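Chains A and B supply the protein sequences, listed in that same order. Residue numbering for the first sequence follows the numbering used here, starting at 1 and increasing by one per position. Residue numbering for the second sequence follows the numbering used here, starting at 1 and increasing by one per position.
Each hint should be verified, as a subset may be incorrect.
Dumping the calculated SDA-like pairs for lysine to any residue here, alpha-carbon to alpha-carbon at most 20 Å [unchecked claim]:
#1 K83/A to G118/B
#2 K82/A to S30/B
#3 K82/A to S145/B
#4 K83/A to N117/B
A few chain B positions that, by computed beta-carbon distances, are all more than 12 Å from chain A [claimed, not checked]:
#5 D90
#6 G113
#7 S125
These are computed hints drawn from the structure, not numbers from a lab. All of these numbers come straight from a predicted model, not from anything done at the bench. We treat Cβ as the ideally placed atom computed from N, Cα and C, and that holds for glycine.
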Amino acid sequence: MMRQDHLITATQLSRADIETVLDQAAEIAADPQAWAESHFGSVLALCFFEPSTRTKMSFDTAMKRLGGTTTDMGTVESSSVKKGESLADTVRVIEGYADAIVLRHPSEGSAQMASEFVDVPVINAGDGAGQHPSQTLLDLYTIRENAGLDDLSIGIMGDLKYGRTVHSLADALTNFDIRQHFISPESLRLPRNVRYDLHEAGAQVREHTELDGVLPELDVLYVTRIQRERFPDESEYRKIAGEYQIDADLLSEAKENLTVMHPLPRVDEIAPDVDKTTHAKYFEQAHNGLPVRMALLDSLLGGDDK
Amino acid sequence: MSDRKLRVSKIRNGTVIDHVSGGQALNVLSILGIDGSEELGVSIVMNVPSAQLGKKDVVKVEDRELSQSEVDVLSLIAPEATINIIRDYDVTRKTRVEQPETVTGILSCPNPGCITNGNEPVETSFSIVADGVRCSYCGTIIRDSLADHIDAE
Chain A
1 MMRQDHLITA TQLSRADIET VLDQAAEIAA DPQAWAESHF GSVLALCFFE PSTRTKMSFD
61 TAMKRLGGTT TDMGTVESSS VKKGESLADT VRVIEGYADA IVLRHPSEGS AQMASEFVDV
121 PVINAGDGAG QHPSQTLLDL YTIRENAGLD DLSIGIMGDL KYGRTVHSLA DALTNFDIRQ
181 HFISPESLRL PRNVRYDLHE AGAQVREHTE LDGVLPELDV LYVTRIQRER FPDESEYRKI
241 AGEYQIDADL LSEAKENLTV MHPLPRVDEI APDVDKTTHA KYFEQAHNGL PVRMALLDSL
301 LGGDDK
Chain B
1 MSDRKLRVSK IRNGTVIDHV SGGQALNVLS ILGIDGSEEL GVSIVMNVPS AQLGKKDVVK
61 VEDRELSQSE VDVLSLIAPE ATINIIRDYD VTRKTRVEQP ETVTGILSCP NPGCITNGNE
121 PVETSFSIVA DGVRCSYCGT IIRDSLADHI DAE
């Protein structure tokens, strides 16, 4: 069970918390039907103030596969947020309709604040450039399935500054015996607060501006998208982004059993020819969101009491 | 307090905050939320010589005894400050500021994307970390020039 009632950041997760969820997710994946009635009547509120495909649909499906239902706030344009309602008021209202709230919001710290205004569990499904801890759980599940979770070298590449999946993953990996290599342009290095967490946790960290030198020693390569809006002009963006793309040819330099992951959506950073290689695990990774989020919901909704 | 160079007289009752880092007296008042509207007698001395600090400020607030929790937030900008509670011209209690675990509603978060800078009914909150403070909401760490982030009433 989680030590806390909400899932706000990956830093709150201990190794035991993570392993409990991942173990249960594996049980669910092996026999999903056994959980079909486990949360009959429970309602999960989906509050997405930003677009989402995978996270929203997998939480929606996860709740339904546990026998529950979901209620969707809809888009910001169609909700009372458009009339100027605060997030604090919005979640206080929605708390009355649901047993748990999944929240994605453009402001960093939004999930923490929301959790202070409600008594039902809040799951942070992305707070601006902050954290995305449920993604991290499915990332860890995928890593564990493919490479184990100890004595590994993991490369995390792309937009490390604004990438919330990166921040959560880096924090969570400090629970394991893992060497973390961060590969990014200088302007998109890890933010100060994540560096602080890694330093405090005594993590084994190295930073690189190029993938080439470190690729051969990696067991896992986690690629993220570099976004156009992070750069002042198109040509600068194209120049930089082009340096952090991988294709099948490049991966011939990697270990044979390298696992390539990506939180998706990808644009150009992983060439389609990688999809056919044994390295490509990003679609499997997205699919793992379902059993992992079922396990997470079961944990936060009090599965042990049922 | 018997320094012949002392520029203001003793107070009868209240609080004397001594050994404030030179130039921080106005920030001290700002953090304490004292702006004159309370009609308390307030005296400040700034940038006077100090053996300990080189230059120091002194803040005297008449007829108000500041509590330890009120003054502890001063540790952010005046870690050497001493607090003297005065009753009938005598120092009845002398303490130092102690670093609190969190500071609420005093500093503003420099991250424009932080929820505390949105239109939400929430006070800022910072935890004290190794060499600075950290926003309890977005995690932003402030190390330098804390006084620039003071957002007291």
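How the hints compare with the structure:
1. K83/A to G118/B: Cα-Cα ~15 Å, so holds.
2. K82/A to S30/B: 36 Å, violated
3. K82/A to S145/B: Violated - the C-alpha atoms of S145/B and K82/A are around 37 Å apart, more than 20 Å.
4. K83/A to N117/B: 19 Å, holds
5. D90: About 44 Å separates D90/B from the closest Cβ of chain A, which puts it past 12 Å; holds.
6. G113: Label violated. Min Cβ-Cβ 5 Å, cutoff 12 Å.
7. S125: Non-interface label fails for S125/B: nearest chain A Cβ at 9 Å, not farther than 12 Å.
Of the numbered hints stated above, those contradicted by the structure are hints 2, 3, 6, 7, listed in ascending order.
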